[in-house]
Amino acid sequence: MIKTLVYVPGEGIKEGVPFGNIKEFVDKDSCSIWVDLEEPTEDNFKILADIFNLHPLAIEDAKTKFNLPKIDEHVGYLFIVWHDLLGSSGLDKMETAEVDIFLGKNFFVTVHDRKMKNLDLIFDHCKQAPDFMSRGAEWVLHHLLDVMVDGDFLLVDRISNEVDELEDRIFEVPTQENLKELFLYKRQLITIRKIAAPQREIISVLLRHETFIERHAYIYFQDVADHLIRIVDSVDTARDVISGAMDIYLSNVSNRMNEVMKKLTIVATIFIPLTLITGIYGMNFKNMPELYWTYGYFIVLIVMVSFVFGVFIYFKSKRW
Amino acid sequence: MIKTLVYVPGEGIKEGVPFGNIKEFVDKDSCSIWVDLEEPTEDNFKILADIFNLHPLAIEDAKTKFNLPKIDEHVGYLFIVWHDLLGSSGLDKMETAEVDIFLGKNFFVTVHDRKMKNLDLIFDHCKQAPDFMSRGAEWVLHHLLDVMVDGDFLLVDRISNEVDELEDRIFEVPTQENLKELFLYKRQLITIRKIAAPQREIISVLLRHETFIERHAYIYFQDVADHLIRIVDSVDTARDVISGAMDIYLSNVSNRMNEVMKKLTIVATIFIPLTLITGIYGMNFKNMPELYWTYGYFIVLIVMVSFVFGVFIYFKSKRW
Amino acid sequence: MIKTLVYVPGEGIKEGVPFGNIKEFVDKDSCSIWVDLEEPTEDNFKILADIFNLHPLAIEDAKTKFNLPKIDEHVGYLFIVWHDLLGSSGLDKMETAEVDIFLGKNFFVTVHDRKMKNLDLIFDHCKQAPDFMSRGAEWVLHHLLDVMVDGDFLLVDRISNEVDELEDRIFEVPTQENLKELFLYKRQLITIRKIAAPQREIISVLLRHETFIERHAYIYFQDVADHLIRIVDSVDTARDVISGAMDIYLSNVSNRMNEVMKKLTIVATIFIPLTLITGIYGMNFKNMPELYWTYGYFIVLIVMVSFVFGVFIYFKSKRW
Amino acid sequence: MIKTLVYVPGEGIKEGVPFGNIKEFVDKDSCSIWVDLEEPTEDNFKILADIFNLHPLAIEDAKTKFNLPKIDEHVGYLFIVWHDLLGSSGLDKMETAEVDIFLGKNFFVTVHDRKMKNLDLIFDHCKQAPDFMSRGAEWVLHHLLDVMVDGDFLLVDRISNEVDELEDRIFEVPTQENLKELFLYKRQLITIRKIAAPQREIISVLLRHETFIERHAYIYFQDVADHLIRIVDSVDTARDVISGAMDIYLSNVSNRMNEVMKKLTIVATIFIPLTLITGIYGMNFKNMPELYWTYGYFIVLIVMVSFVFGVFIYFKSKRW
Amino acid sequence: MIKTLVYVPGEGIKEGVPFGNIKEFVDKDSCSIWVDLEEPTEDNFKILADIFNLHPLAIEDAKTKFNLPKIDEHVGYLFIVWHDLLGSSGLDKMETAEVDIFLGKNFFVTVHDRKMKNLDLIFDHCKQAPDFMSRGAEWVLHHLLDVMVDGDFLLVDRISNEVDELEDRIFEVPTQENLKELFLYKRQLITIRKIAAPQREIISVLLRHETFIERHAYIYFQDVADHLIRIVDSVDTARDVISGAMDIYLSNVSNRMNEVMKKLTIVATIFIPLTLITGIYGMNFKNMPELYWTYGYFIVLIVMVSFVFGVFIYFKSKRW
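Residue numbers (the numbering used here), protein chains in the order written: chain A, 1 to 320; chain B, 1 to 320; chain C, 1 to 320; chain D, 1 to 320; chain E, 1 to 320.
It is possible that some hints are incorrect.
Copies of the same chain look alike in the list, so a pair counts if it works inside one copy or between any two.
Stated by the list, open to error - Derived lysine-lysine pairs resembling BS3-like cross-links, with alpha carbons at most 30 angstroms apart:
#, residue 1, residue 2
1, K180, K316
2, K180, K318
3, K3, K14
4, K194, K70
5, K65, K46
6, K14, K105
7, K28, K14
8, K46, K28
9, K263, K316
10, K316, K262
11, K93, K186
12, K318, K262
13, K65, K93
14, K65, K117
15, K63, K194
16, K117, K63
17, K180, K262
18, K117, K14
19, K263, K180
20, K70, K186
Derived from the structure by calculation, the hints contain no laboratory data. It should be emphasised that the depicted structure is a prediction, and the values quoted were computed from it without experimental measurement.
Construct the complete structure from the given sequences, taking the supplied hints into account.
Now the structure itself:
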């Protein structure tokens, strides 16, 4: 699906200019063009390359699915791969949507495979704001990145809070389920960090290109970079919390094991010797004098009770 | 709540100048202004931006809660996010108070959400010291940072000592409670480190701005940076101690487990075979010659005692 | 085995020029030569050194088997050691094939010990494409590296997917076999990373040599470097997944051990005391009043059942 | 306690010049002054600041106890915090003595809280060597650092050897005591490393100050830095040894646990079933035909012995 | 023991020139001198310092035993500490031989405490090759380093192979002996890495000294550096293999422990309840109706067998 938006000075925003007719506006520096391609076809790519004069390798990259954000610097335009975190249902893997961006002096092309809510939002906003479009493609880019990064920030914040709560719960009663949740959050956080860290680099590279980004916009892109730094930092803090919680969990498991073993040992140390005694007097030898003593049975019972007390006192003195 | 302090050369300190009237002093370079906003309203921010001509993004940052200190360099002023460690009741999470600072050539604005004792202290001091205010906004900033960092230093020192004591205790008798305390201290130390390390960077950035910081004040800011280095170092040392203590704890747990298992094994190895013997002579077969021997019972008893000695000697020789 | 390919402007591609006759084309800058040596003999090397005027140390290196890729800069040519991942049958060690490359202004020499499918592919392509050969040796090099790196990429992708699946399986039912597979994949990934990371460096070094690589080819080599970065990144992600899966496995093992121990302790705590009771009433003392009670046996049975319930309730209340 | 030493060209060494009279020599560049303050009073500091024109912050630092060495560059002098390792009685914490040094063009001030043998040694040497004092303050500094670092070196060497021996012992018979010793050595080594690493940096900074250190002395300070590098390296090697020894210990503990468990399991697997058999024939049922067989008892004994052999062979075949 | 070798242009190699007479050749730039001192005496050092005008600190260093290679740059000569790996008998500590080298424009001095085969080899070679000596001291140095590094390379290769085999064996049957071997190899590898890594640095420093190393020799020294890189890389790979093998071993130990515990638990869960049953019917109560049932005994036997089957099915269903 192709959506186009062209700002022509004096004429305002033109929506839905046929893809093939875009070319005539490209050479007019005062125009501002946004072409959005969702699930583009091979043909679309060919026309796209033709209109904006894009390098075959850049087109190739736009067709490829990338795991990591990147920026390539071409003559006349920049090619940016950016990822939007889509969140996750519960504790599943973090899903991301990739958008490939071509940023020229007066054009802004977005290529993506799945519907992206944030992108549609900005597109609708631009439609109704000729003033905004007139400021140039870099302001549209900033707006898009800003909205996406803000969404990421909320997501990371939510995960951080849940991890904090989880840590507290593990401090109280560590269960195997808590541990699994920890691992799943960790997996999500790793995904986020892998994307947010290079995104910050991309902003730095962007700011080196005065042709595409006007001076006035610098502080705004810097602001996005700041948000990314805070995201990375929150992720790192959350991972510290997770690894601390895992240490707590593991030390707790071995402690509980210790307790279990102690109980077993106490039970065995008390009852096995007693059973031996009963075994002795359960033997059928004809000549066992004790068996014929009047109080033999009671003496044995007393001996056994004394033994239990003795072992108890022994273990108490050893602070078991 | 808004508090203002204006030093006018020749007239001394004016306290409580209405917020709206501050603007007239801003353009006079020889004046020195301190505006302190506690829990500021939206309106306050608007007036603030207007008076000191602050960038919308800086105002936006001043409204936001940050986890980490940072410094932003704007035209005409610096924006600093600083955190004061409030200590913690017992072993809870370390609490921090954030203060956002605008430092201009002749003005000093502090924005914070909760009452800050250290800040009030400096404010009261400035009120009574026109000489001090007359030296410029950077000296007020130094004074504020110095007091806060000194407080942090004492806090870290206290934690370090407690961690050292804890390590000694774990060397003696490692308990699960000691381990929990270690984790809690570690959590506090991580919080401190996260704040102190970037604060040091902030001082370095500050010293690059000759417009705002006069040469003469350099060595004093350097002194604050030195304190921060020592804080970070103390934190690192304490974390080393903690991780050493955790190693001791864990190796101790597995040792004790070993001991417990050995005891259980010794008990089982001694008593289970003996029980078998008594079981054998407890069987009811009609034809069991031993049962009719005169000394059968006593021979069995002797065999059993010999067995116990044998096992004992065996385990001794294996150094159990 | 020696294969040669010479492009002479105006005459097109000449295949199978005898090794000894190559020398006459070397000095003609407009020619383009590819010499491929498979399992070269000492003699071959001598002739090779003579034809292209190669340094003895470079020849020495071409004879040596290297574990890591490298690039050496000589006067008049570059010497490159490159490795092609051959994949692995199942989970065995990752096999690699080494190809040593001499890249001059107008010649391209490949030396290798085993048959290399990718290399033959490119060789056959060049044979039929005089236009391609005419562009220069660096384009042949790019083509070769591109094909090899693309193959590596598919390989890494396959391993990544298998590791992901393995992780899921370990989350469900961790078995010792899964763990072994993890270790084997890890070994393969380490091999890949050891090769891919320096290969990226080699591309960077290549791009510093304007004599050998024409400006126009830069973006194409950069594209290969991009692929290598993605390979390294995929490997790192897969290793993160593996180490996460190992943590899951290990925590699971200690959990299961805990469960086993608990079961053993419960069994022992319930049955050993009961056995003691039966032992007591199995003793043969003449004077044991309980034995003669009418309901003695039934009382004992009731006591034993009550005990079992008591222990059950106790363990339940402790959430075992 | 204050000790002074002044070298006046032509007059030689003057010992014990009253503290108040030192000032008259300071301005004479050809003089060479050493003032040593042990446990200085507030008054001493005031006079000191006055005589050598020291900055209040430097004086403040001289009063403070530092954990780490540092160097501050002031106008007219350098301020150095250095630590001498005092060794340790047995395995206690490593003790250090701090000496604060002011190094000017022609003066050398040492401030310390406890008696320092090494310092007294150099002081006594200087007293009797006017030639040495005449070369300048930097040579005195070098001499002092050299002696202290040499002492540290011997200390680290001794610890390294003890750690090596300990490793060998742990390889033979790992005991809990050995592990504790390891931890204690590790603690000492961490302390040493924390001090030696920044001391090396201090020498580097020193060598940047041509005003205070004459060219000719460079190689001598470099020699001290070399010693510090070797100290840091020895510490790192020793820590590697320690962490290796800890791995050995821990793997050994789990191995021994394994052995203990195996023994227990073997004992249980052999004797518990046998006890069951005796239990069966110890039951008092009237109708138990086997009991009346002539060889019933002997058959049971043979069955039991066979069982023992069977289990033995089973465990052997499993290589327990 | 002192050995000397002097090349005089036109006269060839002179062997055994008395130590005292060396000085006359030093000033002739066209001469080439090699002095080899084995276990030198104090006197030797004094004469050496005198002949080549060596700095006291360099002489001091030549007397000292170093753990790490290093290079010092003096006026007129370089001082190099190099270590030759002597291999190890079996798995003992890796032994190294230290050689201290003074490299001047036309002289080459080697000082060492133990006989060094490699050095004698080169010495003998030089004796018979006046051409070689005539090229200059740096070529002798290169030759010596090359031979020593080649030896190290073979050594590392052998260890790598043994570690690989060990890993395979641990995959099959992990034993405590295998683990010990791993630790011993690791210790050897750490020693090698500690020496090889700084040796590479030394080559880099050497190449910065155009006075001592002629341009033409650069590529040869670079070749030695390449070998050192490959040694370091092989060591790192081997250490990766070792740490992977240790993970395998440890996970295997806990798995086996798990298996042992399961076996014990199964034995206990099956036999202890059965023993209880026999205990019950072994009690001597007069009034126990079951005892008088005709088939009581057989019913109990059937119950017991059913119980065994029940537990079996239970454990099977739990996949034990």
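Hint check:
1. For a Cα distance limit of 30 angstroms, the shortest separation of K180 from K316 across copies, 24 angstroms, qualifies, whereas the shortest one inside one copy, 37 angstroms, does not.
2. Within a single copy, K180 and K318 get their C-alpha atoms only as close as 36 angstroms, which misses the 30 angstroms cut-off; across copies the closest is 21 angstroms, which meets it.
3. Taking the shortest alpha-carbon separations for K3 and K14, only the intra-copy value of 11 angstroms comes in at or below 30 angstroms, while the best inter-copy value is 52 angstroms.
4. Taking the shortest Cα distances, K194 and K70 sit within 30 angstroms of each other both inside one copy (12 angstroms) and across copies (23 angstroms).
5. In this homomeric assembly, K65 and K46 come within 30 angstroms of each other (Cα to Cα) only inside a single copy, at 18 angstroms, whereas the closest approach across copies is 45 angstroms.
6. Proximity of K14 and K105 under a CA criterion of 30 angstroms is satisfied intra-copy only: 19 angstroms inside one chain copy versus 48 angstroms between copies.
7. Proximity of K28 to K14 under the C-alpha cut-off of 30 angstroms is restricted to the intra-copy arrangement: shortest distance 15 angstroms within a copy versus 51 angstroms between copies.
8. With identical chains, the CA atoms of K46 and K28 are at most 30 angstroms apart within one copy only, with a shortest distance of 22 angstroms there and 40 angstroms across copies.
9. For the homomeric pair K263 and K316, the shortest alpha-carbon distances inside one copy (13 angstroms) and between copies (16 angstroms) are both at most 30 angstroms.
10. When the C-alpha separation of K316 and K262 is checked against a cutoff of 30 angstroms, the pair qualifies both within a copy, at 12 angstroms, and between copies, at 19 angstroms.
11. Taking the closest pair of Cα atoms, K93 and K186 come within 30 angstroms of each other both inside a single copy (10 angstroms) and across two copies (22 angstroms).
12. Taking the shortest Cα distances, K318 and K262 sit within 30 angstroms of each other both inside one copy (12 angstroms) and across copies (16 angstroms).
13. For a Cα distance limit of 30 angstroms, the shortest separation of K65 from K93 qualifies both inside one copy, at 17 angstroms, and across copies, at 29 angstroms.
14. In the homo-oligomer, the alpha carbons of K65 and K117 lie at most 30 angstroms apart both inside one protomer (19 angstroms) and across protomers (27 angstroms), since each shortest distance falls under that limit.
15. Taking CA atoms no more than 30 angstroms apart as the test, K63 paired with K194 passes in both settings, with 21 angstroms inside one copy and 29 angstroms between copies.
16. In this assembly of identical chains, K117 and K63 lie within 30 angstroms of each other by CA distance both inside one copy and across copies; the values are 21 angstroms within and 27 angstroms between.
17. For a Cα distance limit of 30 angstroms, the shortest separation of K180 from K262 qualifies both inside one copy, at 28 angstroms, and across copies, at 21 angstroms.
18. For the identical chains of this complex, K117 and K14 are intra-copy neighbours only, at 22 angstroms inside a copy versus 54 angstroms across copies, given an alpha-carbon limit of 30 angstroms.
19. In the homo-oligomer, the alpha carbons of K263 and K180 lie at most 30 angstroms apart both inside one protomer (28 angstroms) and across protomers (23 angstroms), since each shortest distance falls under that limit.
20. Taking the closest pair of Cα atoms, K70 and K186 come within 30 angstroms of each other both inside a single copy (24 angstroms) and across two copies (27 angstroms).
Comparing the model with each numbered hint stated earlier shows that all of them hold.
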